[in-house]
Amino acid sequence: MSSVDANAAFPAPAKRSAHRGNLMRQQRFWGWVFLSPWIIGFILFTAVPIVVSFIFTFTNFSLNSSATLRFVGLDNWLKLFRDPVTLQALSVTLRFAVIAVPFNILVPLGMAALLNSKYLWGKRLWRPLYYLPYMVPAVSSIFIWQSFLNGQTGWLNRILRLIGVQSPPNWLQDEGWILVAFVLIGVWGVGNAMLTMLATMQGVPTELYEAAEVDGAGAWMKFSRITLPMISPVIFYNLVLTVIGLMQYFVVPYVITRGTGNPNNSAYFYNMHLYKTAFTFFDMGYGATLAWFVFLIAIVLTIILFVTSRSWVYYASGDTI
Amino acid sequence: MIHRKTVVLFVLAAASLLMGVVSAAAQQRTVVTWFVGLGTGTNAEQIEIQNQVVEEFNASQNEIELVINIAASNETARDTLSTLIAAGTAPDIVGPVGVAGSNSFADEWLDLSPLVESAGFDLSVFPPALVDLYRQADGSLTGIPFAVYPALTYYNADLFDEAGLNYPPSEFGAPYVMPDGTEVPWNYDTVAEIAKILTVDANGNDATSPDFDPAATEQFGMNFQWARIRLIWTNLQPSSYYDAETNTVSVPDEWRQATQWYHDRLWKDRVAPNATFASSELLQPSGFASGNLAMAIVPLWYTCCLDNSVGKFNWNLAPVPASFDGEQHVAMDADTFRLTKGSKNPEAAFKVLTYLLTTAAPKLATAYGAFPALPAAQDAWVESISTRYPLDINWSVAQDSLAYSNPGPVHHESNVPNYAQAYDREFAFLSLLEGDAGANIDINAEIDTFEADLQAIVSGGS
Chain A
1 MSSVDANAAF PAPAKRSAHR GNLMRQQRFW GWVFLSPWII GFILFTAVPI VVSFIFTFTN
61 FSLNSSATLR FVGLDNWLKL FRDPVTLQAL SVTLRFAVIA VPFNILVPLG MAALLNSKYL
121 WGKRLWRPLY YLPYMVPAVS SIFIWQSFLN GQTGWLNRIL RLIGVQSPPN WLQDEGWILV
181 AFVLIGVWGV GNAMLTMLAT MQGVPTELYE AAEVDGAGAW MKFSRITLPM ISPVIFYNLV
241 LTVIGLMQYF VVPYVITRGT GNPNNSAYFY NMHLYKTAFT FFDMGYGATL AWFVFLIAIV
301 LTIILFVTSR SWVYYASGDT I
Chain B
1 MIHRKTVVLF VLAAASLLMG VVSAAAQQRT VVTWFVGLGT GTNAEQIEIQ NQVVEEFNAS
61 QNEIELVINI AASNETARDT LSTLIAAGTA PDIVGPVGVA GSNSFADEWL DLSPLVESAG
121 FDLSVFPPAL VDLYRQADGS LTGIPFAVYP ALTYYNADLF DEAGLNYPPS EFGAPYVMPD
181 GTEVPWNYDT VAEIAKILTV DANGNDATSP DFDPAATEQF GMNFQWARIR LIWTNLQPSS
241 YYDAETNTVS VPDEWRQATQ WYHDRLWKDR VAPNATFASS ELLQPSGFAS GNLAMAIVPL
301 WYTCCLDNSV GKFNWNLAPV PASFDGEQHV AMDADTFRLT KGSKNPEAAF KVLTYLLTTA
361 APKLATAYGA FPALPAAQDA WVESISTRYP LDINWSVAQD SLAYSNPGPV HHESNVPNYA
421 QAYDREFAFL SLLEGDAGAN IDINAEIDTF EADLQAIVSG GS
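So the protein lines, in turn, are chains A and B. The opening position of the first sequence corresponds to residue 1 in my numbering, with each subsequent residue numbered one higher. The opening position of the second sequence corresponds to residue 1 in my numbering, with each subsequent residue numbered one higher.
Hints are computed from structural coordinates only; laboratory data are not their basis. Ideal Cβ placement from N, Cα and C applies to all residues, glycine included.
Where chain B lies over chain A, by a calculated footprint (3+ residues, C-beta under 8 Å):
1) 151–162
2) 172–178
3) 267–280
Covered by chain A, per the in silico footprint, the following chain B stretches (three or more residues, Cβ under 8 Å):
4) 279–286
5) 411–421
6) 426–440
Let the hints inform the model, and build the full structure from the sequences given.
Here you go:
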């Protein structure tokens, strides 16, 4: 029987373990130190304002009034559901979504498909040309479109009259056409979605198309059964961004209608209503309520999209969200 | 031998003592803060001049330390001032600011009457009508005139020559001479008549011709350039829709008549551009400045925006037409400097205010492109603007207009509760009138709706 103490024969593990523990603590400490500027900034400039804005929804806070700040319970939330202006703004936003969302997915998809065509000559020229409008600053492009869509002297109506359309729409002054006009203006913004879809299309393995051709698949069959499923993650990504962007849609209607939402409130979007409530009328309590409501809508819509994506989004790696 | 540490400590102590002495000396001066940005004053040249004014004021006396706080931009100025007021650090002086800009903080302005009396400030250096512009219904005086912009008739002399028309009168009270030699009053009926002759389509037909094609108009007779509806109403007949005593809104008959008048110019005679034409290439950069509009009724600040007219067309100024009641009334945009109720040193702030309104007025007015309310400073302004527009313009009309200024209670930007929302609603009403949908509206029904909406706004709803 050995008289040698087993632990005495191996003293190092205890020391090494303690040393490793110290090292990990130190690394953890320094990790937090380097992360702290971002964390502090996030807490001070994002998290705290978010929490405070939620508290505002239960108060009468206004920058315009010398009235004492007081708790008003659910008054602002109840007002939201009874306010005809808010409901009108929501309705305008939803009506716009019905035409804008398909447009903002189908148009870049179509453009990407055309740019991906093997029969297209000069792809290197067309690709940047189609992307270029996306680079034009938003407000500048809106002014250009405003001139282009003018009912009297705008180039679109001049072209339409030339080809025989006697009474082209007064795009920006007609309640029935102004949302269509906004969708047209959105054409200049599809460059980014087009590019991401095109890049993904170009990544689809060619063997799949070859195999399909061998089986006698035509162009539409290949597009619908191979291309679309393979790029469905990018379509899904753009769909989520489009829906969220819709909740934030503001600059175009604000500039075009000079903040009025006219003609007859047909262009009075929800985000414009939020902006005017908070920053023109200074009703911060109600403005915060509107902001939180649209946030909740965006969350719900995003969850719906993610849940439904399981049935139509195909991930080649097998991962699902 | 002196230790190094001792030397360092001694130097630090001496420096601290010196700073204390200096700050104590500075603290003996009363600090007055001047906030700029609600109106003009935020561009680089103006900032430099304003800083000069501050330095000159501080150098001229030992009692007050004037400190200027200039907002990053006009767009952020309201937020900045709101935050300062909410935080209990309201500035003493705010300006230059117009009547509408002041309404956003209507509860914040100090009544200057006691200060005027105690300081013995002589208000008679200003035309009485301009002082009355700042007298509120309760008799308080919330401002003293600094810069004024009377509404005027800008007319394109070349278009009048082409049409064979005499120019509008050059002085108040003078009649207009029609082409057949008849003298008629210079009022809005006359404007409506000659505007038809001055409105021409692509085929050369004017609006009096049965062949006139309004869709092909290439030249318009008149407009109210960049005006809000209350300015248009006030031009046609000064009045008010708000009764502060009863907190009620009632659009007066004269304003219903005024709405009908303007609607007829837009959609019956087609002599005023509707929203589509106003935003078209035909009338860029703005209606009158395009050279395709014969008469614009707009305040004097419109001289900001006529540089491209030089060498392109000849224009001149005339009095605004007489209102519906046959009398001469001039709507006046006006800028001034206000004192806030939150000022901790109102007497000192008033001293600064009087300096800005008198000694510094010529320098500041030039920087702001503003027409000085102080008559003594007006000639210098005329001289400088004449250099910019060497067209032999009748600037005396602007000076003569001051005597006809509308008083405060019927000012076109007079305050109503929830002013920002009321202002917004007024803009929506005007957009309806001028937009395509306005062609076939029932004027009285729309005014009734407007009235009801405004009543809800002033009563605290929206």
